[in-house]
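Chemist: Take a look at the letters that make up each chain.
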Amino acid sequence: MNAVHSTQQPVAHAASELLLEVSALNAWYGAAQVLYELNLNVRRGEVVALMGRNGAGKSTTFKALMGMLARRQGGIRFMGQEISTLAPFERARRGLGFVPEDRRVFTHLTVTENLEVGRQSDRHWPDGSEALNWTPQQLFEFFPNLGAMQDRPGGQMSGGEQQMLTVARTLMGNPFLILLDEPSEGVAPVIVEQMAQMILALKAKGASILLSEQNLHFAGLVSDRAYVLEKGLVRYEGSMAELAANEAVRKAYLTM
Amino acid sequence: MDFSALLSQLLNGLAEASSLFLVAAGLSLIFGVTRIVNFAHGSFYMLGLYIAYSIVEHLMGSMGAAGFWLGLALAAISVGLIGAVVEIVLLRRIYKAPELFQLLATFALVLVINDAVLGYWGAEELLGRRAPGLSGSIDILGRQFPSYNFFLIAIGPVILGLVWLLLVRTRWGVLVRAATQDREMLGALGVNQAWLFTSVFALGAMLAGLGGAVQLPREPASLSLDLRTIGEAFVIVVVGGMGSLPGAYVAALLIAEIKALCIGLGSTTLFGIPVSFSKLTLVIEFLVMAVVLVLRPWGLMGKPQATSRNSAPVEAPLRPGSTHFKWLMGALLLALAVLPLLSTWLPYASVLTQDVLVTVLFAVSLHFIMGPGGMHSFGHAAYFGLGAYGAAILFKVLTMPMPLAFAFAPLVAGLGALVFGWFCVRLSGVYLAMLTLAFSQIVWSVVFQWEDVTGGSNGITGIWPSAWLDGTRYYYLTLVLVVSSLFLVRRILFAPFGYSLRAARDSALRADAIGIDVKRVQWLAFIIAGLFAGLAGTLYIFSKGSISPDAMAVGKSVDGLVMVLLGGIQNLLGPVVGASVFSVLQDSIMRATDYWRAVFGGVILLLVLVFPQGIAGFFQQLAEAWRHWRARAAVKAAALPRTLEKQA
Numbered sequence: 001m002n003a004v005h006s007t008q009q010p011v012a013h014a015a016s017e018l019l020l021e022v023s024a025l026n027a028w029y030g031a032a033q034v035l036y037e038l039n040l041n042v043r044r045g046e047v048v049a050l051m052g053r054n055g056a057g058k059s060t061t062f063k064a065l066m067g068m069l070a071r072r073q074g075g076i077r078f079m080g081q082e083i084s085t086l087a088p089f090e091r092a093r094r095g096l097g098f099v100p101e102d103r104r105v106f107t108h109l110t111v112t113e114n115l116e117v118g119r120q121s122d123r124h125w126p127d128g129s130e131a132l133n134w135t136p137q138q139l140f141e142f143f144p145n146l147g148a149m150q151d152r153p154g155g156q157m158s159g160g161e162q163q164m165l166t167v168a169r170t171l172m173g174n175p176f177l178i179l180l181d182e183p184s185e186g187v188a189p190v191i192v193e194q195m196a197q198m199i200l201a202l203k204a205k206g207a208s209i210l211l212s213e214q215n216l217h218f219a220g221l222v223s224d225r226a227y228v229l230e231k232g233l234v235r236y237e238g239s240m241a242e243l244a245a246n247e248a249v250r251k252a253y254l255t256m
Numbered sequence: 257m258d259f260s261a262l263l264s265q266l267l268n269g270l271a272e273a274s275s276l277f278l279v280a281a282g283l284s285l286i287f288g289v290t291r292i293v294n295f296a297h298g299s300f301y302m303l304g305l306y307i308a309y310s311i312v313e314h315l316m317g318s319m320g321a322a323g324f325w326l327g328l329a330l331a332a333i334s335v336g337l338i339g340a341v342v343e344i345v346l347l348r349r350i351y352k353a354p355e356l357f358q359l360l361a362t363f364a365l366v367l368v369i370n371d372a373v374l375g376y377w378g379a380e381e382l383l384g385r386r387a388p389g390l391s392g393s394i395d396i397l398g399r400q401f402p403s404y405n406f407f408l409i410a411i412g413p414v415i416l417g418l419v420w421l422l423l424v425r426t427r428w429g430v431l432v433r434a435a436t437q438d439r440e441m442l443g444a445l446g447v448n449q450a451w452l453f454t455s456v457f458a459l460g461a462m463l464a465g466l467g468g469a470v471q472l473p474r475e476p477a478s479l480s481l482d483l484r485t486i487g488e489a490f491v492i493v494v495v496g497g498m499g500s501l502p503g504a505y506v507a508a509l510l511i512a513e514i515k516a517l518c519i520g521l522g523s524t525t526l527f528g529i530p531v532s533f534s535k536l537t538l539v540i541e542f543l544v545m546a547v548v549l550v551l552r553p554w555g556l557m558g559k560p561q562a563t564s565r566n567s568a569p570v571e572a573p574l575r576p577g578s579t580h581f582k583w584l585m586g587a588l589l590l591a592l593a594v595l596p597l598l599s600t601w602l603p604y605a606s607v608l609t610q611d612v613l614v615t616v617l618f619a620v621s622l623h624f625i626m627g628p629g630g631m632h633s634f635g636h637a638a639y640f641g642l643g644a645y646g647a648a649i650l651f652k653v654l655t656m657p658m659p660l661a662f663a664f665a666p667l668v669a670g671l672g673a674l675v676f677g678w679f680c681v682r683l684s685g686v687y688l689a690m691l692t693l694a695f696s697q698i699v700w701s702v703v704f705q706w707e708d709v710t711g712g713s714n715g716i717t718g719i720w721p722s723a724w725l726d727g728t729r730y731y732y733l734t735l736v737l738v739v740s741s742l743f744l745v746r747r748i749l750f751a752p753f754g755y756s757l758r759a760a761r762d763s764a765l766r767a768d769a770i771g772i773d774v775k776r777v778q779w780l781a782f783i784i785a786g787l788f789a790g791l792a793g794t795l796y797i798f799s800k801g802s803i804s805p806d807a808m809a810v811g812k813s814v815d816g817l818v819m820v821l822l823g824g825i826q827n828l829l830g831p832v833v834g835a836s837v838f839s840v841l842q843d844s845i846m847r848a849t850d851y852w853r854a855v856f857g858g859v860i861l862l863l864v865l866v867f868p869q870g871i872a873g874f875f876q877q878l879a880e881a882w883r884h885w886r887a888r889a890a891v892k893a894a895a896l897p898r899t900l901e902k903q904a
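Chains as they are written, first to last, in my numbering: chain A, 1 to 256; chain B, 257 to 904.
In case anyone wonders, no lab produced these hints; they're calculated from the structure.
One or more hints might be untrue.
[Unchecked claim] Pulled a few chain A residues facing chain B out of the computed Cβ check, cut under 7 Å:
(1) F89
(2) G95
(3) F98
(4) E113
[Claimed, not checked] Covered, in the sense of this in silico footprint (three residues per stretch, anywhere, with C-beta under 8 Å from a C-beta of chain A), are these stretches of chain B:
(5) 421-432
(6) 445-451
All figures in this text were calculated on a predicted structure; none of them were measured in a lab.
For every residue, glycine included, the Cβ atom is placed at its ideal position computed from N, Cα and C.
Okay, chain A solo, but in the shape it has when bound:
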């Protein structure tokens, strides 16, 4: 395993400031421990992939970051402040935006109403510059097919449309960092392609993203760095290019 600081990301934000800093994170489901001493960090402007097979602990990591697991332990610093004791809603208000893998669209609410639920006020970076802030209008331009169905109930949308809606809903909170759980899972290949385009477009706008992913190809398209999880442990970390070149790691922890 590479040392934490040995691999510098090529395209990080100029400030290169640490946005998220996770140290020794442990988590349990009931009595069973599912995450072990997890360390990871995300810098401003980076897209980082959390990789691993089903059950490796990717979604659990996200839930632990959001405070949605009953039993967890370890440090989570977000924008320089410890957030590990905060309630999920307080973390969201600090600018941590979560897109769950099972979408969890509000099926009885329209597209516009779903966005309204996610709305938070505009944000500014500590240096005073404006963060990536969104209005429903901008989101409808960014996701044109959502714009075409503003009054449709969430329950009457296709899986891909729902996936877009959950991302848009989280963007309404103007997050500093987006936690994107398995964006390519369970949607048609053409949607996977759109998701990749979307992530790249967000990155171009300066968004910072931590995404979980099983698909090496997808992660390779969009991410700068990767962490590879297996059975709740970080087995590897490095740049996307290094991971692509390291067949041993790929065979051991990623491919079937």
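With chain A's structure known, arrange chain B on it following the hints.
Modeler: Chain B in isolation, oriented as in the chain A frame:
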């Protein structure tokens, strides 16, 4: 009945529906967002009426007509504020507790509020002022119809419209609707649920308070309104569909109109048989509910319920008791057996113990379907009552010899459970609980109204055991029957049938898939529980000599729930401990103060907040922690020499 009489009854029904809708709408809103079935909602209604009485009395002196309307509004707002306080102080702490504990807590509130009202306003019924300007009546086809009723008829739809606008047009409404579907996701999106829950609870309480306040000129404020109203509101919410406001309105209309029709029809002859429809009113709403639930299990306009995300924790498997525990039980049994011999010193002990034993059997039978069966019965008193009344009727009316009546009476309860259970096992969760409540209310109403046989509210007296079973012998009969019933229940739970039952509770789908006929197993469990509850009722009546409908009212069912939860639902000993503590507490508090309900409610609240696993569960947890600690100490002790070796 002529047309004008029918019309006036139908209009009456509409006026009646409005208040019921207001209460049901509040209940439904609160359930939708917080997933708490608020037992205290009837109490908010009652509070609305009492507070309106006082404020209007006060304001009309100084302000005249305006004081009346302002008084109604202020009463509703006050109840809303009380609701907010209740949410912040109590409910907020128990959102993550199992469903049943929440119910128990809100029921404790019912007790506390009832005694608070008794303390402040007294036991007398209070009739409020007439509405200024609406105190007269209007002539409709030659009949006088109170003009205030038109105000009532209007207020239901108006409030429905306003709440609807609030839900559809405001951000608050959007968040409320989102919360009814997925609270956790709402939190992850940065919404602070705490204030959302508080505001929903306050609004719901305010609606109930308004429902009570507007009844001021029509209905005297009385202390029995809380349980009566909550019963009706439950029926409306369940018939309309949990969480659906239009459904609540439709159901309120439907039930109020059917009741009005029954009153209007009065006593008539159908196919040559005299039928008294007006006497049906007590039963009819529960009949409607039973029919609706069987045809549409989630109500007229409701949607099938998603399982809640934080229900009870997974239950640990039952474990046979340890040797120590068996010795302890043996000693306890011995103590109970010699108790009557000590009557010179403890004259009251064996009488109290006999009551406790009967109560224990009742609680164990309830625990049997609630715990291992996973079916939450809110109407278990019905089977207790069927056993007791069965014995009384067999003995008194059919003049059976006492031993025969004694033997057959539990079967009467079993038969009741057989019929009701068939319907109940088709439902689950809140709906099942409500259906059991409905059935027990039907049984109660029949007993209450069938005066020729049951003696109505006076009940039946003079039911004593045969001479050879009197006094101390009856104590031993009770002891033997209760203890052997407990052993039998335990045996059943550790038999293949018990395994099937627990499998069906833990996962109905998987149990089905391995060949267990889930519905049949649950039905059988329902009948077994009914039989044991019936035996408890039978034992009860022959020890007391008389019975009245009170002994099988809603309160009795709730007592049972309190005992089971008090003791801890995950523990076989739970209902035994719970029932014993409950009986002794009730006995001592009731003799000490007139406000025993408030004290009792306070104790329940404290227990719910401090011991969310129940008393027996709490001690089990302590024991486990102790075992765990000892095991760790042993490991450490074993590891110590080795570390020393290493250092050496």
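Chemist: Look at each hint and say if it fits the structure.
Modeler: Evaluated hints:
1. F89: holds, 5 Å
2. G95: violated, 9 Å
3. F98: holds, 5 Å
4. E113: holds, 5 Å
5. 421-432: Three-residue rule met by the region 421-432 of chain B, so holds; n is 3.
6. 445-451: With 5 residues closer than 8 Å to chain A, the region 445-451 of chain B meets the three-residue bar; holds.
In summary, the structure is inconsistent with hint 2 from the numbered list given earlier, while agreeing with all the others.
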